[in-house]
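S.K.: Sequence:
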Amino acid sequence: MASGPTYSKAGSGMRLGRDVFSTGQVAARCGVSTRTTMKWVDTGLIVGHRMPGSNDRRVLAADLVAFLEAHGLPLGDLAPTPRPARLACGLSAAETAALGPGWAAAADAFELGVACQRGPVGAVVVGDEWGSSAAAAAAARVLARHPAAAVLVVLSEDAPAPPPGPGVTAFRRPGDLAAAVAALVGGAG
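Numbers 12 to 200, taken from my numbering, label the letters of the sequence shown in order.
Since the hints were derived computationally from the structure, they do not count as laboratory data.
Please read all numbers here as calculations on a predicted model, not as lab measurements.
Where a beta carbon is used, it is the ideal one built from N, C-alpha and C, also for glycine.
Any given hint could turn out to be false.
[Said to hold, decoys possible] Label-pair restraints from in silico Cβ distances:
#, residue 1, residue 2, range
1, Ser167, Gly113, 20 to 28 Å
2, Asp119, Ala77, 34 to 42 Å
3, Thr45, Ala159, 37 to 45 Å
When you get a sec, could you build the whole thing from the sequences and use the hints?
M.R.: Okay, here's the thing in structure tokens:
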């Protein structure tokens, strides 16, 4: 049995969920009249579905998003929630590869800062390529913008320990970097 959109009656009008929108809801999002939205559905400008036995039309969320994107209109609460980024900076190519899939490598501290401004950051691994103090400073800047991020500073054997900072975990080479990162991000390294 094919499952279609589900609706629930609430008072005199339909209460639609986030997956299905009435022409009135689409009109409100686009800043046009309900009649205009109905014409868009009828002419195929926006993909919609006519309700059997009525003049009502419905638009699926995916079709509304496609329409909004195609016409440069804001998505608002329909925009996908970005997955928090996992960023690595100041590591060797082998160390970055050992982090596993899903990690983006920043070439330098500036690129790390730019990446931190693009959206939410879940975890950052900073190597001491520029010295332990610079690595600690980069970690502190990440945490200032993303206080919930998990941050690991990777130090060489002979590097002085960076000044302690809240939310920063230090890791000293040699050691199992992949295991330290997995512990940092809850085993999903």
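S.K.: So, for every hint listed, does it hold in this structure?
M.R.: Checked hints:
Against the hinted window of 20 to 28 Å, the Cβ-Cβ separation of Ser167 and Gly113 comes to about 26 Å, which satisfies the hint. Evaluation of the 34 to 42 Å hint for Asp119 and Ala77 yields a pass: the beta carbon distance comes to about 38 Å. Separation of Thr45 from Ala159 is about 42 Å and conforms to the stated range, judged on CB atoms against 37 to 45 Å.
Checked against the numbered hints listed earlier, the structure breaks none of them; every hint is satisfied.
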